[in-house]
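Note that the protein sequences, when read in sequence, are chains A and B. Start counting at 1 in the first sequence, then tack on 3, and there's your number in the numbering used here. Start counting at 1 in the second sequence, then tack on 3, and there's your number in the numbering used here.
It should be emphasised that the hints constitute simulated quantities derived from the structure, not laboratory data. Heads up, a few of these hints could be off.
Copies of the same chain are indistinguishable here, so a pair counts whether it falls within one copy or spans any two.
Said to hold, decoys possible - Calculated cross-link-like contacts (lysine-lysine; reagent style BS3-like; alpha-carbon spacing at most 30 Å):
#: 1; residue 1: Lys93; residue 2: Lys138
#: 2; residue 1: Lys63; residue 2: Lys109
#: 3; residue 1: Lys149; residue 2: Lys120
#: 4; residue 1: Lys31; residue 2: Lys149
There are 2 protein chains.
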Amino acid sequence: MTSTSKILATTALALGAIAAAWAQQAPKPEQLIKWRQSAYQVLGWNTARIKANLEGSYNKDEVIRAANTIAAISNSGLGSLFAPGTETGKGWHDTTAKPALFTDTKKVGEAAAALSKEAGELVRVANAGDAAAVKTQFAALQRTCKGCHDDFRTAN
Amino acid sequence: MTSTSKILATTALALGAIAAAWAQQAPKPEQLIKWRQSAYQVLGWNTARIKANLEGSYNKDEVIRAANTIAAISNSGLGSLFAPGTETGKGWHDTTAKPALFTDTKKVGEAAAALSKEAGELVRVANAGDAAAVKTQFAALQRTCKGCHDDFRTAN
Numbered sequence: 004m005t006s007t008s009k010i011l012a013t014t015a016l017a018l019g020a021i022a023a024a025w026a027q028q029a030p031k032p033e034q035l036i037k038w039r040q041s042a043y044q045v046l047g048w049n050t051a052r053i054k055a056n057l058e059g060s061y062n063k064d065e066v067i068r069a070a071n072t073i074a075a076i077s078n079s080g081l082g083s084l085f086a087p088g089t090e091t092g093k094g095w096h097d098t099t100a101k102p103a104l105f106t107d108t109k110k111v112g113e114a115a116a117a118l119s120k121e122a123g124e125l126v127r128v129a130n131a132g133d134a135a136a137v138k139t140q141f142a143a144l145q146r147t148c149k150g151c152h153d154d155f156r157t158a159n
Numbered sequence: 004m005t006s007t008s009k010i011l012a013t014t015a016l017a018l019g020a021i022a023a024a025w026a027q028q029a030p031k032p033e034q035l036i037k038w039r040q041s042a043y044q045v046l047g048w049n050t051a052r053i054k055a056n057l058e059g060s061y062n063k064d065e066v067i068r069a070a071n072t073i074a075a076i077s078n079s080g081l082g083s084l085f086a087p088g089t090e091t092g093k094g095w096h097d098t099t100a101k102p103a104l105f106t107d108t109k110k111v112g113e114a115a116a117a118l119s120k121e122a123g124e125l126v127r128v129a130n131a132g133d134a135a136a137v138k139t140q141f142a143a144l145q146r147t148c149k150g151c152h153d154d155f156r157t158a159n
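Please take these sequences and the hints and turn them into a complete structure.
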């Protein structure tokens, strides 16, 4: 074996080991879809809580906790859960993502930024504690949810 | 009908309406179990991300986002998802909660407080950006996860 071929062989082995480690580490599409479906469920839980507070007895602390959770998930980097290979498939259930979610990156980016902005504003308003202001800002947040669902989620 | 019986009848109707509204609004056990299973999945996602960062290339911003999400969910009031009526049943899958989770309120409270404390500390350390310190604090967080799983979750 020449020095060059030894180096090449060693490099190939090293690259193989890295690829194997990555394949082992990278979550499978089913796992990514489960995680994203779970993240939206947690958004749904916290949205339902804020709604219940606005329609019933208002508990400032609970609304703050719910708003913080919505904001953290909105800023968590959900985009990584829509990796190539997850366009179709099943997590807890068949994905409801439309094909455009994986191709219209500009519009998806704008929708993600809008969600993040309105969720952050909801945290600010929730901490101030004025239920009427929370109601207004919660409606603004829900418009970003609905807009994205209309564009990128199939009816289910 | 006497005045008294009229008042009683009206009160009964009003109470019936309130009970009906509450029954409509209160999420069903299956929904609560789905939400809590989802919340733990999101914790799992973000735990996996931090682990991948510590074992591979460290991205400070991603670790901060993951830590923020873990902390927000830890402080979100997960206890409300273990409401009476959810001791058994199916969300995405059969619940893996042990009966003790619904009865040993003191120990559960301590476990929840420990999770919240260690997650908050992880956010602080992640923002400072020292990967070695994050590794140490992440291990502390994982001990609270494991402790609670050992005590209150059936093997699955």
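Outcome of the hint check:
With identical chains, the CA atoms of lysine 93 and lysine 138 are never at most 30 Å apart, being 35 Å at best within one copy and 33 Å at best between copies. For the homomeric pair lysine 63 and lysine 109, the shortest alpha-carbon distance between copies (25 Å) is at most 30 Å, but the shortest distance inside one copy (36 Å) is not. In this homomeric assembly, lysine 149 and lysine 120 come within 30 Å of each other (Cα to Cα) only inside a single copy, at 15 Å, whereas the closest approach across copies is 35 Å. For a Cα distance limit of 30 Å, the shortest separation of lysine 31 from lysine 149 qualifies both inside one copy, at 29 Å, and across copies, at 24 Å.
Going down the numbered hints, you'll see the structure goes against just number 1.
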